[in-house]
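Chain order of the listed sequences is A and B.
Residue numbering for the first sequence follows the working numbering, starting at 1 and increasing by one per position.
Residue numbering for the second sequence follows the working numbering, starting at 345 and increasing by one per position.
Simulated from the structure, these hints should not be mistaken for lab results.
Ideal placement from N, C-alpha and C gives every residue a C-beta, glycine not left out.
Worth double-checking, as some hints may not be accurate.
[To be verified] Straight-line distance between alpha carbons at most 20 Å, and here's what the computed SDA-like set of lysine to any residue pairs gives: (1) B:K538 with A:D61; (2) A:K163 with B:E500; (3) B:K567 with A:F67; (4) B:K567 with A:L60; (5) B:K567 with A:D51; (6) A:K189 with B:K538; (7) A:K189 with B:E500; (8) A:K41 with A:P14; (9) B:K467 with A:D177; (10) B:K467 with A:M54; (11) B:K538 with A:K2; (12) B:K427 with B:M345; (13) A:K2 with B:A503; (14) A:K298 with A:R126; (15) A:K189 with B:K427; (16) A:K163 with B:I462; (17) A:K97 with B:G515; (18) B:K467 with A:E57; (19) A:K163 with B:V507; (20) A:K163 with B:S504; (21) A:K189 with B:R466; (22) A:K2 with A:F67; (23) B:K467 with A:V175.
[What the hints assert, rightly or not] Selected chain A positions facing chain B (in silico; Cβ < 10 Å): (24) L24; (25) D27; (26) A30; (27) N31; (28) F76; (29) E129; (30) T139; (31) A142; (32) S169; (33) N171; (34) L178; (35) L184; (36) R191; (37) M192; (38) M233; (39) K287.
Chain by chain, the residues:
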Amino acid sequence: MKAPDYVAEVSSVPIGDILRRYPLAVDYLANIRLVGVDETKTLPEILENVDEDMLEEFGLDREEVIFHFSAFLEAFSRMEESIETISSITILGWRDKAGRPEMLELTVTPGEVVSIVGPTGSGKSRLLEDIECLAQRDTPTARQILINGSVPDLDKRFSTGGKLVAQLSQNMNFVMDLTVQEFLEMHAKSRMIPDSAAVVEKCFAVANSLAGEKFTLDTKVTQLSGGQSRSLMIADTALLSSSPIILIDELENAGIDRREAIEILVGNEKIVLMSTHDPLLALRADKRIVIRNGGVTKVIETTAEEEQTLHKIEAIDSALLVIRNQLRRGEIVTEESIPEFQER
Amino acid sequence: MKLITVAGPPSSGKTSVILKTIAALGLPPGSVGVVKFDSLTSFDHQRYDEQKIPNQTAFAGKICPDHHFVSNVEGAVEWGMKKGLSVLVTESAGLCNRCSPYVNGILSVCVIDNLSGINTPRKIGPMLKYADIVVVTKGDVVSQAEREVFAFNIREVNASATVLFVNGITGQGAFMLARHWQDTLDIRTLRDRKLRFTMPAAICSYCTGETLIGEMYQMGMVKRMEFDDESP
Ligand SMILES: Nc1nc2c(ncn2[C@@H]2O[C@H](COP(=O)(O)OP(=O)(O)OP(=O)(O)O)[C@@H](O)[C@H]2O)c(=O)[nH]1
Ligand SMILES: Nc1ncnc2c1ncn2[C@@H]1O[C@H](COP(=O)(O)OP(=O)(O)O)[C@@H](O)[C@H]1O
Ligand SMILES: [Mg+2]
Ligand SMILES: [Mg+2]
Numbered sequence: 001m002k003a004p005d006y007v008a009e010v011s012s013v014p015i016g017d018i019l020r021r022y023p024l025a026v027d028y029l030a031n032i033r034l035v036g037v038d039e040t041k042t043l044p045e046i047l048e049n050v051d052e053d054m055l056e057e058f059g060l061d062r063e064e065v066i067f068h069f070s071a072f073l074e075a076f077s078r079m080e081e082s083i084e085t086i087s088s089i090t091i092l093g094w095r096d097k098a099g100r101p102e103m104l105e106l107t108v109t110p111g112e113v114v115s116i117v118g119p120t121g122s123g124k125s126r127l128l129e130d131i132e133c134l135a136q137r138d139t140p141t142a143r144q145i146l147i148n149g150s151v152p153d154l155d156k157r158f159s160t161g162g163k164l165v166a167q168l169s170q171n172m173n174f175v176m177d178l179t180v181q182e183f184l185e186m187h188a189k190s191r192m193i194p195d196s197a198a199v200v201e202k203c204f205a206v207a208n209s210l211a212g213e214k215f216t217l218d219t220k221v222t223q224l225s226g227g228q229s230r231s232l233m234i235a236d237t238a239l240l241s242s243s244p245i246i247l248i249d250e251l252e253n254a255g256i257d258r259r260e261a262i263e264i265l266v267g268n269e270k271i272v273l274m275s276t277h278d279p280l281l282a283l284r285a286d287k288r289i290v291i292r293n294g295g296v297t298k299v300i301e302t303t304a305e306e307e308q309t310l311h312k313i314e315a316i317d318s319a320l321l322v323i324r325n326q327l328r329r330g331e332i333v334t335e336e337s338i339p340e341f342q343e344r
Numbered sequence: 345m346k347l348i349t350v351a352g353p354p355s356s357g358k359t360s361v362i363l364k365t366i367a368a369l370g371l372p373p374g375s376v377g378v379v380k381f382d383s384l385t386s387f388d389h390q391r392y393d394e395q396k397i398p399n400q401t402a403f404a405g406k407i408c409p410d411h412h413f414v415s416n417v418e419g420a421v422e423w424g425m426k427k428g429l430s431v432l433v434t435e436s437a438g439l440c441n442r443c444s445p446y447v448n449g450i451l452s453v454c455v456i457d458n459l460s461g462i463n464t465p466r467k468i469g470p471m472l473k474y475a476d477i478v479v480v481t482k483g484d485v486v487s488q489a490e491r492e493v494f495a496f497n498i499r500e501v502n503a504s505a506t507v508l509f510v511n512g513i514t515g516q517g518a519f520m521l522a523r524h525w526q527d528t529l530d531i532r533t534l535r536d537r538k539l540r541f542t543m544p545a546a547i548c549s550y551c552t553g554e555t556l557i558g559e560m561y562q563m564g565m566v567k568r569m570e571f572d573d574e575s576p
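Chain A with its partners taken away, still in its complex shape (with noise of 0.2 Å):
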């Protein structure tokens, strides 16, 4: 449908049965002070009852609501249609700090993680700034970024409006005032998801799962710890972020069960790039990228081997958990709280 087709709906269509076809139009109306109209009339005919100087203050006259509300009408179910699906991407390395070139092609796949260790400094965050901005060789690093193999069109790039990454890290935290719930359901009203209950409840578990201590579905999302921020966030970017692509700065140690958070990433067919410190989450990847001085010098398979130290590493983040939870309740360490295998 293109713009004159909504005029002409919005023109002869009583405005209830519109408000019930586009569930957003409710919002148009309701910032040009447009609330409690009379179901059963067309928006032409409310408009003939409103004072002209109510809506020169909004810039418009009686036609140019309705063009411009047919125009939010069109956008919108544009944007409906345009959900990003990726099969690959592509980062192409180019030179370090000193100048020096940096050997790098690597693609990935959706339902594939990457981690990415080295020193601070070194250029962690960078490459993910090179991929949020899909680069093109016009970064400091001069690396360049392909969707599907090939280089995106300019137009896609800057259009997007952030909606190809998301991005979680340490220092981001809720700020609005809403309970989980209404939290949950305003993110999924703005994806236009049509059926958000089952959506929102599924979210609301899976949070509940990654976090170490329970919260409800009425507790204010800026009350939330830091681990039940880190975890609904999780859970949400996961079920209720339509972004194909997510990058994670070092998110550690945030008092959640990390290695389930990767695999509700990985489940939900996201391609996963991560800065980390966390032996746990570095080798969870399937891949690991090591940066030195801002170029990339290795790209390591996790191996078999590495795989099956997983679970003893877990030991160890378990008893440093057990000695954390100690020391957080007021109790003396002893020799008692240190596993035997640390002996050796």
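Based on the hints, put chain B with the ligands in the right spot on chain A.
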């Protein structure tokens, strides 16, 4: 010379975004200048001076900031031309939500931040509605979901704008904004160009310095509210 108008609520990150975008433009030092329009005080000149960016500050004082902008922007363009700038940026702050310092045919950028509350895009009005590009800052401190909902609320108000996410501290995303700046047209003067949206209506007696309250002191354009008159 290219002219870019940047506006946004106080402390939304305008100066930070402008500085990062100027850096991303990679033009010779001294060829990009800024004119800051503010109402009472501003410390932005210190940050522009630090980066050796030619800049001027204009205070509206007791004049409505929007009216002040439109009566001085042409002078700003003349200043930029005289300085031989290739890009002139105007930064407008201290505006009310009724304002939009945008001119037809001139790239208009609205900067708002993720921390300002999810309904803010719906409350800002013409400054957001008539922008070509909406830059969203401080995405580094809120969740992905909040960024998405915020961007969605922006599109509900201005479905045709390009929405860009820029981190004012690291400059992430600034380079995309720089691309848009590069693509905008060159001008020599603003004379005879039209504002995108009417300025707030003047003049009432308070505009001209009246301070006493009461109907007898009110003259000119006055909008009176109708209160519910039922007694409890
Ligand atoms: N975390 C974070 N802080 C930011 C970001 N952008 C700007 N800031 C901070 O926000 C504060 C205000 O930024 P300014 O650039 O001065 O804002 P402004 O809009 O120019 O402010 P006025 O001109 O005074 O209205 C500063 O402390 C910045 O460091 C961002 O993307 N993330
Ligand atoms: N190849 C490169 N060429 C030039 N500068 C680089 C390169 N790689 C990284 N940098 C710069 O090095 C700095 C530190 O990188 P950053 O990504 O923050 O490190 P990390 O996240 O690993 O701590 C950043 O300013 C980044 O832009
Ligand atoms: Mg980093
Ligand atoms: Mg400023």
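Hint check:
Taking the CA atoms of K538 (chain B) and D61 (chain A), the gap is near 19 Å; set against the 20 Å cutoff, the hint holds. Between the alpha carbons of K163 (chain A) and E500 (chain B) the distance comes to roughly 16 Å, so the proposed pair stays at or under 20 Å and holds. With a C-alpha separation of about 28 Å, the suggested pair K567 (chain B) and F67 (chain A) falls outside the 20 Å cut-off, and the hint is violated. For a cut-off of 20 Å, the pair hint linking K567 (chain B) to L60 (chain A) stands: about 19 Å separates their Cα positions.
Taking the CA atoms of K567 (chain B) and D51 (chain A), the gap is near 14 Å; set against the 20 Å cutoff, the hint holds. A threshold of 20 Å between alpha carbons decides the hint, and for K189 (chain A) with K538 (chain B) the separation of about 38 Å lies outside it, so the pair is violated. A distance of roughly 12 Å separates the Cα atoms of K189 (chain A) and E500 (chain B); the hinted pair therefore holds under the 20 Å criterion. Among the hinted pairs, K41 (chain A) with P14 (chain A) is consistent with the structure: their alpha-carbon atoms are about 5 Å apart, no more than 20 Å.
Distance restraint check for K467 (chain B) and D177 (chain A): the Cα-Cα separation of roughly 17 Å lies within the 20 Å cut-off, and the hinted pair is therefore satisfied. With a CA separation close to 15 Å, the supplied pair K467 (chain B) and M54 (chain A) stays within the 20 Å bound. Distance hint between K538 (chain B) and K2 (chain A) is unfulfilled; the C-alpha atoms sit about 30 Å from each other, more than 20 Å. Taken as a hint, the K427 (chain B) and M345 (chain B) pair is honoured in the structure, with Cα atoms around 10 Å apart against an allowance of 20 Å.
A C-alpha spacing of about 15 Å is found between K2 (chain A) and A503 (chain B), which places the hinted pair at or below 20 Å, so the restraint holds. A C-alpha spacing of about 16 Å is found between K298 (chain A) and R126 (chain A), which places the hinted pair at or below 20 Å, so the restraint holds. Proximity of K189 (chain A) to K427 (chain B) is assessed by CA-CA distance (about 50 Å); at most 20 Å being required, the pair is judged violated. Pair hint K163 (chain A) plus I462 (chain B) holds up; C-alpha atoms about 18 Å apart against a cutoff of 20 Å.
At roughly 18 Å between alpha-carbon atoms, K97 (chain A) and G515 (chain B) fall within 20 Å of each other, so this suggested pair holds. Taking the CA atoms of K467 (chain B) and E57 (chain A), the gap is near 13 Å; set against the 20 Å cutoff, the hint holds. Simply put, K163 (chain A) and V507 (chain B) have alpha-carbon atoms about 11 Å apart, close enough for the 20 Å limit, and the pair holds. In summary, the hint linking K163 (chain A) to S504 (chain B) is supported, as the alpha carbons are separated by about 16 Å, within the 20 Å threshold.
For the hint linking K189 (chain A) to R466 (chain B), the alpha-carbon distance of about 16 Å falls within 20 Å, and the restraint holds. Restraint check for K2 (chain A) and F67 (chain A): satisfied, since their Cα atoms lie roughly 12 Å apart, inside the 20 Å limit. Note on K467 (chain B) and V175 (chain A): the hinted pairing holds, with a Cα-Cα distance of about 18 Å set against a maximum of 20 Å. A hinted interface residue such as L24 (chain A) counts as satisfied when its beta carbon comes closer than 10 Å to some beta carbon of chain B; here the least separation is about 7 Å, so the hint holds.
Hint status for D27 (chain A): holds, given a least beta-carbon distance of 5 Å to chain B, under 10 Å. With a cut of 10 Å, the hint placing A30 (chain A) at the interface with chain B holds, because the nearest CB-to-CB distance is about 8 Å. Because the closest C-beta pair between N31 (chain A) and chain B is about 6 Å apart, less than 10 Å, the hint holds. The interface hint given for F76 (chain A) is met, as the beta carbon of that residue sits about 7 Å from the closest beta carbon of chain B, less than 10 Å.
Given hint, E129 (chain A) at the interface with chain B, holds; its Cβ is 5 Å from that chain's nearest Cβ, closer than 10 Å. The closest approach between the C-beta of T139 (chain A) and any C-beta of chain B is roughly 7 Å, which is under the 10 Å cut-off, so the hint is satisfied. The beta carbon of A142 (chain A) is not positioned within 10 Å of any beta carbon in chain B (closest approach about 13 Å), and the interface hint is therefore violated. Given hint, S169 (chain A) at the interface with chain B, holds; its Cβ is 7 Å from that chain's nearest Cβ, closer than 10 Å.
Checking N171 (chain A) against chain B by beta carbon gives a least distance of about 6 Å; that is within 10 Å, so the hint holds. Among the interface hints, the one on L178 (chain A) holds; its C-beta lies about 8 Å from the nearest C-beta in chain B, closer than the 10 Å criterion. Annotation: L184 (chain A) was flagged as interfacial toward chain B, and the flag holds, the nearest CB pair being 8 Å apart, inside 10 Å. Taken as an interface hint, R191 (chain A) checks out: its beta carbon lies about 8 Å from the nearest beta carbon of chain B, inside 10 Å.
At its closest, the beta carbon of M192 (chain A) sits 9 Å from a beta carbon of chain B; the interface hint therefore holds under the 10 Å criterion. Because the closest C-beta pair between M233 (chain A) and chain B is about 5 Å apart, less than 10 Å, the hint holds. Violation of the interface hint for K287 (chain A) is found here, the shortest Cβ-Cβ separation to chain B being roughly 24 Å, above the 10 Å cut-off.
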